[in-house]
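There are 2 protein chains.
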Amino acid sequence: MMLRQTLPRNTRSQGLVRQMAVMAKSLKYTQYGEPQDVLHLVETQLADPKDKQVLVKILAAPINPADINTIQGKYPVKPKFPAVAGNECVAEVICVGDKVKGLQPGEHVVPLTTGLGTWTTHAVYNEDQLLAVSKNVGLAEAATITVNPCTAYRMLRDFVKLSPGDTVIQNGANSAVGQAVHQLCRAWNLRSVGIVRDRPEIGELKQQLECLGATVVLTEAEVRTTDLFKSGTLKKPKLAFNCVGGKSATEVTRHLDNGGIMVTYGGMSREPVTVATGPLIFKDIAFRGFWMTRWSKENYDAPERLQMFKELCELVEQRKFVAPPHEMVPLDKFKEAASAALTFKGFTGKKYILNMS
Amino acid sequence: MMLRQTLPRNTRSQGLVRQMAVMAKSLKYTQYGEPQDVLHLVETQLADPKDKQVLVKILAAPINPADINTIQGKYPVKPKFPAVAGNECVAEVICVGDKVKGLQPGEHVVPLTTGLGTWTTHAVYNEDQLLAVSKNVGLAEAATITVNPCTAYRMLRDFVKLSPGDTVIQNGANSAVGQAVHQLCRAWNLRSVGIVRDRPEIGELKQQLECLGATVVLTEAEVRTTDLFKSGTLKKPKLAFNCVGGKSATEVTRHLDNGGIMVTYGGMSREPVTVATGPLIFKDIAFRGFWMTRWSKENYDAPERLQMFKELCELVEQRKFVAPPHEMVPLDKFKEAASAALTFKGFTGKKYILNMS
Chain A
21 MMLRQTLPRN
31 TRSQGLVRQM
41 AVMAKSLKYT
51 QYGEPQDVLH
61 LVETQLADPK
71 DKQVLVKILA
81 APINPADINT
91 IQGKYPVKPK
101 FPAVAGNECV
111 AEVICVGDKV
121 KGLQPGEHVV
131 PLTTGLGTWT
141 THAVYNEDQL
151 LAVSKNVGLA
161 EAATITVNPC
171 TAYRMLRDFV
181 KLSPGDTVIQ
191 NGANSAVGQA
201 VHQLCRAWNL
211 RSVGIVRDRP
221 EIGELKQQLE
231 CLGATVVLTE
241 AEVRTTDLFK
251 SGTLKKPKLA
261 FNCVGGKSAT
271 EVTRHLDNGG
281 IMVTYGGMSR
291 EPVTVATGPL
301 IFKDIAFRGF
311 WMTRWSKENY
321 DAPERLQMFK
331 ELCELVEQRK
341 FVAPPHEMVP
351 LDKFKEAASA
361 ALTFKGFTGK
371 KYILNMS
Chain B
21 MMLRQTLPRN
31 TRSQGLVRQM
41 AVMAKSLKYT
51 QYGEPQDVLH
61 LVETQLADPK
71 DKQVLVKILA
81 APINPADINT
91 IQGKYPVKPK
101 FPAVAGNECV
111 AEVICVGDKV
121 KGLQPGEHVV
131 PLTTGLGTWT
141 THAVYNEDQL
151 LAVSKNVGLA
161 EAATITVNPC
171 TAYRMLRDFV
181 KLSPGDTVIQ
191 NGANSAVGQA
201 VHQLCRAWNL
211 RSVGIVRDRP
221 EIGELKQQLE
231 CLGATVVLTE
241 AEVRTTDLFK
251 SGTLKKPKLA
261 FNCVGGKSAT
271 EVTRHLDNGG
281 IMVTYGGMSR
291 EPVTVATGPL
301 IFKDIAFRGF
311 WMTRWSKENY
321 DAPERLQMFK
331 ELCELVEQRK
341 FVAPPHEMVP
351 LDKFKEAASA
361 ALTFKGFTGK
371 KYILNMS
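These protein sequence lines are chains A and B, in that order.
As numbered in our numbering, residues 21 to 377 make up the first sequence, in order.
As numbered in our numbering, residues 21 to 377 make up the second sequence, in order.
No lab work stands behind these hints: they were computed from the structure.
The structure presented is a predicted model; accordingly, all values stated were derived computationally and were not measured.
Errors might be hidden in some of the hints.
Same chains, same names: a pair is fine if it fits in one copy or spans any two.
As the list claims (entries may be wrong) - With a straight-line cut-off of 30 Å between C-alpha atoms, the simulated DSSO-like cross-links for lysine-lysine are:
hint: 1; residue 1: K255; residue 2: K94
hint: 2; residue 1: K258; residue 2: K353
hint: 3; residue 1: K355; residue 2: K256
hint: 4; residue 1: K70; residue 2: K226
hint: 5; residue 1: K258; residue 2: K98
hint: 6; residue 1: K226; residue 2: K45
hint: 7; residue 1: K98; residue 2: K250
hint: 8; residue 1: K370; residue 2: K255
hint: 9; residue 1: K353; residue 2: K45
hint: 10; residue 1: K77; residue 2: K45
hint: 11; residue 1: K121; residue 2: K94
hint: 12; residue 1: K317; residue 2: K98
hint: 13; residue 1: K45; residue 2: K256
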């Protein structure tokens, strides 16, 4: 990218917007397909921000499963072509239109809406699509805050009223959402039981998740025979999170307390959730789903939303909440990063974050 | 049974309770098993009602699936042995204890709680276990009002806010609950789509259910290809009732509107409900269960409960609500009735009502 003109430190405070011409390098696609096939790095000259527009320089933008699925055409959100890929980022405000009131050049921002196209060096967004975040929030945390931590936050808050000491159980406990759940449970004094697939380095993984706040981590085999709940060591969970489906979900359901809810937010096994009639009727178990994109749309301006971002950012600043293990990758290495993200079955491995800072 | 002493018309108004000795003939069991094997007609002398007790003569008591399952030991409610079978009835008050304030001899009552043991000629219950109902409510309707019509009423009221013109869809649409749903939908100006298994007399069954208030009745095959909802003939249902499970439930789910709820209250196919991940997450479909016994326990004294009985009885009195097709059977023919009830797969046939009047 090139900035054809050096920017004054604060254009708005001088009551005018300087003319400039920014060349953005963006990962664009004009048809669905595998990211390495259909994404192309394209240079575009951006117009100056007008009115409520904001020119930002993207600092970091993660590669999320939903981004890949969107590019593949497998996600319910369908972009207009040509589209810039990517939905999350942290960016620095470079320059603002003359009607922008709440943002200053130099501030860090994250997107309040999906589909903005964040895999780019620069972009022009509208002020109401952006939320300012403290620079004390690390780039990796800020770049990944709007999807997975928010999913964990809402699923813990919006389905069952939990009190300190209550138990939450989840499969896919090492997913990005899973890690966020463990950390929020620790911050909110909830017991967090995580279930993961068995693997050679299971001891290391358990330790890693317990460091994040998991009370206990069990393999799929161990959860079948555990007496953690029967023995009273932990209260029976009122809330379960499922991102796997199939047998894994069924096993989790068995441990739910009467009136408990299983919230599905993913289906990594590609198998449906099987719901026995007995628990539905006699134990009043409920099965719900959660999609952050819908919640955000329905609560765009809601005070709960700003409150959520405030709390999450505070936890990050207090070092009580960290981003998942990740690797920063330069934008021009996106093909390797997208391939690597795909080869981790179920995307539970390292998170790749495109680094444009 | 024999009444050893003729009763004064209203013992309470005379400020005293006459001594009497009533021999009750009851269907008792002391172990789980098939009803025809473990039920025995036993005579017991009943003590006079004291304090808040009420002596009743049972007029009619239905044979419900849950009664059979309880006798078989397959139901989550476990009786203390020896137990009198049966849970629903309509009875006539014969005589009341001296602290009974709200019931008069001669009144008709229905039980407010399950497990009272209603397959008997006479019984002594507590006043707070009984609800007076108008004698204008027919015996068959009164005897069967506390379980199936209440299940239909609550499922229509407590899960989704429905407006006149909204659509409800259900499988097992000719079950006792199904028939109640059709009738309540008609009374409340809701569209009621029923799904039934194909059978030789399908035309007759469809007509019968449409007479009760079903807007449309489809076979399992027809529901797979119907364009009733796509074409806009009917609004997409926000609420579905499932008493079958398996593929039948899956087909019903496909038609649910975004944010719709499937409520399971039975599992006649003995197959679980299969919940695809996509609809859970992206369509926000929810899967719940309903058990009248629990609701009644949790809302024993709730105004909503009395209001429900009031509304249902009014509908019966106005001839807008009828009992399912039934056959009155004398108490000493219970073995034949229990066997006949069992041979109707899924209990969707005729309802057998023990008649002691």
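Cross-check of the supplied hints:
no. : hint          : in the structure
1   : K255 <-> K94  : between (39 Å within a copy, 27 Å between copies)
2   : K258 <-> K353 : neither (44 Å within a copy, 47 Å between copies)
3   : K355 <-> K256 : neither (45 Å within a copy, 43 Å between copies)
4   : K70 <-> K226  : neither (51 Å within a copy, 64 Å between copies)
5   : K258 <-> K98  : between (35 Å within a copy, 25 Å between copies)
6   : K226 <-> K45  : neither (40 Å within a copy, 64 Å between copies)
7   : K98 <-> K250  : between (46 Å within a copy, 21 Å between copies)
8   : K370 <-> K255 : neither (32 Å within a copy, 45 Å between copies)
9   : K353 <-> K45  : within (13 Å within a copy, 86 Å between copies)
10  : K77 <-> K45   : within (11 Å within a copy, 87 Å between copies)
11  : K121 <-> K94  : neither (38 Å within a copy, 67 Å between copies)
12  : K317 <-> K98  : within (15 Å within a copy, 48 Å between copies)
13  : K45 <-> K256  : neither (51 Å within a copy, 45 Å between copies)
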